[in-house]
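Those protein sequence lines, which keep their order, are chains H and V.
Going by my numbering, 30 is the number at position 30 of the first sequence; the sequence numbering is gapless.
Numbering-wise, my numbering comes out as the position in the second sequence, counting from 1, plus 387.
Derived from the structure by calculation, the hints contain no laboratory data.
Just so you know, nobody snuck in bad clues.
Quick look at which bits of chain H chain V covers, simulated, 3 or more residues with Cβ under 8 Å:
(1) 9 to 17
(2) 33 to 47
(3) 198 to 211
(4) 214 to 225
(5) 250 to 262
Simulated restraints, written as ranges between beta carbons of each label pair:
(6) H/Asp135 x V/Ala631: 39 to 47 Å
(7) V/Ala619 x H/Asp135: 35 to 43 Å
(8) V/Arg438 x H/Glu131: 43 to 51 Å
(9) V/Asp654 x H/Arg215: 47 to 55 Å
Okay, derived cross-link-like pairs now, DMTMM-like style, lysine to aspartate or glutamate, Cα gap no bigger than 25 Å in a straight line:
(10) V/Lys721 x H/Glu42
(11) V/Lys721 x H/Asp29
(12) H/Lys334 x V/Asp416
Where is the CB? At the ideal position from N, CA and C, for every residue including glycine.
One letter stands for each residue in the lines below.
2 protein chains.
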Amino acid sequence: MPDGVIYLDGNSLGPLSRAARDRLREVVDSEWGQGLIGSWTEANWINLPARVGGKVAGLIGAEPQEVITCDSTSITLFKLLAAARALRPGRRVLLTDAGNFPTDTYIAESVADISPEAIELRQVRADAIIEAIDDETAVVSLTHVNYRTGAVYDMAAVTKSAHARGALVLWDLSHSAGALPVDLGACDADMAVGCGYKYLNGGPGAPAWAFAASRLHPNLAQPLTGWMGHQAPFEFSGRYEPAAGMRQMLTGTPPVLALSSLDASLDDVVDAGMDRLRTKSVALCELFIRQVEARCAGQGLALASPRDAVHRGSQVSFRHEDGFAVIRALLESKVIGDFRAPDIMRFGFAPLYTRFVDVWDAAEKLAEVLESGTWRDPRFSVRGAVT
Amino acid sequence: MPDGVIYLDGNSLGPLSRAARDRLREVVDSEWGQGLIGSWTEANWINLPARVGGKVAGLIGAEPQEVITCDSTSITLFKLLAAARALRPGRRVLLTDAGNFPTDTYIAESVADISPEAIELRQVRADAIIEAIDDETAVVSLTHVNYRTGAVYDMAAVTKSAHARGALVLWDLSHSAGALPVDLGACDADMAVGCGYKYLNGGPGAPAWAFAASRLHPNLAQPLTGWMGHQAPFEFSGRYEPAAGMRQMLTGTPPVLALSSLDASLDDVVDAGMDRLRTKSVALCELFIRQVEARCAGQGLALASPRDAVHRGSQVSFRHEDGFAVIRALLESKVIGDFRAPDIMRFGFAPLYTRFVDVWDAAEKLAEVLESGTWRDPRFSVRGAVT
Chain H
1 MPDGVIYLDG
11 NSLGPLSRAA
21 RDRLREVVDS
31 EWGQGLIGSW
41 TEANWINLPA
51 RVGGKVAGLI
61 GAEPQEVITC
71 DSTSITLFKL
81 LAAARALRPG
91 RRVLLTDAGN
101 FPTDTYIAES
111 VADISPEAIE
121 LRQVRADAII
131 EAIDDETAVV
141 SLTHVNYRTG
151 AVYDMAAVTK
161 SAHARGALVL
171 WDLSHSAGAL
181 PVDLGACDAD
191 MAVGCGYKYL
201 NGGPGAPAWA
211 FAASRLHPNL
221 AQPLTGWMGH
231 QAPFEFSGRY
241 EPAAGMRQML
251 TGTPPVLALS
261 SLDASLDDVV
271 DAGMDRLRTK
281 SVALCELFIR
291 QVEARCAGQG
301 LALASPRDAV
311 HRGSQVSFRH
321 EDGFAVIRAL
331 LESKVIGDFR
341 APDIMRFGFA
351 PLYTRFVDVW
361 DAAEKLAEVL
371 ESGTWRDPRF
381 SVRGAVT
Chain V
388 MPDGVIYLDG
398 NSLGPLSRAA
408 RDRLREVVDS
418 EWGQGLIGSW
428 TEANWINLPA
438 RVGGKVAGLI
448 GAEPQEVITC
458 DSTSITLFKL
468 LAAARALRPG
478 RRVLLTDAGN
488 FPTDTYIAES
498 VADISPEAIE
508 LRQVRADAII
518 EAIDDETAVV
528 SLTHVNYRTG
538 AVYDMAAVTK
548 SAHARGALVL
558 WDLSHSAGAL
568 PVDLGACDAD
578 MAVGCGYKYL
588 NGGPGAPAWA
598 FAASRLHPNL
608 AQPLTGWMGH
618 QAPFEFSGRY
628 EPAAGMRQML
638 TGTPPVLALS
648 SLDASLDDVV
658 DAGMDRLRTK
668 SVALCELFIR
678 QVEARCAGQG
688 LALASPRDAV
698 HRGSQVSFRH
708 EDGFAVIRAL
718 LESKVIGDFR
728 APDIMRFGFA
738 PLYTRFVDVW
748 DAAEKLAEVL
758 ESGTWRDPRF
768 SVRGAVT
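With the sequences and hints as input, model every part of the structure.
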């Protein structure tokens, strides 16, 4: 971590680990530079999507063959949602919550548009999801941990309700995998997708992973039918025959550099163990809430995250009318959080590398910024791209 | 290049350049490692897709704003073909040649499947394409340089015929960009896609680029509507509003490591200049054909590539009944070519780094392998993944 920086944005982009840095050097200098085309077999590049997927599986309660890594989160969502929709013909509703991450909603609209049957995208409030599931529901598409507030769905309850009505559930675990324990198997979950560059630290633009329960594999089909999803890609057959299992979710040539980086960085998360990480995450978040509420009372902050850790992911969000400027001013104090419109200041506590002293100091700096009013400086309210 | 290796497979995976290696170190150690999330703006990661696209544009006769880099070739093809199809409603044929690269055909089938109107994928022989274009043709989807034989389409003639019938043409330039001069502007081309890891040397699994003529931009629409294709991605709006121009072809978060590598490696190609590269490429290919035909006469080889350089890309293919075993035996002599079923031995001559002495030596080694019969050793006929 750079000197003096308190990084509370690992939920947007995880930091570089030594393992990822070293692995990238080896892949670039040796595997690509020296091994050239032969590394597809010699360095086993060809199996990277499945190998990395298998490693993710251990973090989310899945079997290794149920997970594969492939394209961006948005594209992976498209493939899974189209596949889920195709598994429930005759049902005319895709259900999501109105506060879902925008890309999830845009992709759901597209899947609805390309459906051969008329299909409606129905958006309801998060607390009305379970009662909105009915016999017309094909797929419920939800983000497990809300990107704004960190509020967590009860995965087991939603899945059970959906299954009782004959619907499937697709979980976006972008803010869950590596952040809190998830047990897809125990929840009898159907499908899931997650980001590789947040809590898994795979690097900027790292590929996402896709999960589908083994029981669904025989009937999977998705429209991005590229050669890497073919059962025999190197026979260059003129007819598409999907590979068995999750390999059919692949499309083009896998991004070897990014997958290698993700592969290496995952080891740190796996080694730490999700239960230990969760224990620390809860303690970090609780300390931050306590300190901020004690030190910043009367400064216009309101907790936007659930107060009870059971309902909260690994982030803490506070509302503030001028949250954008406050986050920008904090940045000048080397405390890196981020902002989500209209008024959410978001602080991610990645338990793998965030220290308790960082949490304490971050709360102190936030109090200083608010008390001193430095955030009122006009230069902090100029909008730029804050990811 | 590794010691003693004669690398004639740059049409499958281009080698590592010093520029790409150095750039990757900087991106990993400094931009990601030190700059963290701030590098999206500070290091201008957010504009990498357009910046790299603009660099590719100079190699293919396009305007900078007509090209963007994004996802794998297969996925990029899907987006462009779906967009092209939507520009010609009421026309019920996607036309391609029966020898197109498999992924191009699979993707065309998928685009046909998701079309709201009935649409037929019609496959004809390469020499029958122009006469097969009729008033029912929505899009003609062709690979400019055939991946097996290196045969080149007359881009201007096909485009002109298609336009005369009101159809669009989508060119796959995976074996063209960086290999021979292409002038999309002069041909009045509609759309094109190309691979980043072949002649452009972007690294294993590097992203592809997408081209659409400016005149088509106002009416483009594609189904992979992720947040990065939104006109204001960081407003997190619930409604998808496509960005202007090629940015709407983006979907998820761009793969920064791979794009940076491609960005750096492109400079070598741009600096060399496509006309000079073509002159050398033709000379390399002609030397190889002459030497192989002189030294390997009577050994069962038949030229599979066009003899006239005007009709040939930057590769030379020979048919041989046991081509697979011959290529494997050659590999042991450190001459790296590749094999495409059923009988094509493929040798790529990337003019940027292939030397005339390499060509001469490769022909000698091929003659040795064929004369000595070493390729008859059973271990050379065991099939594995040869990409």
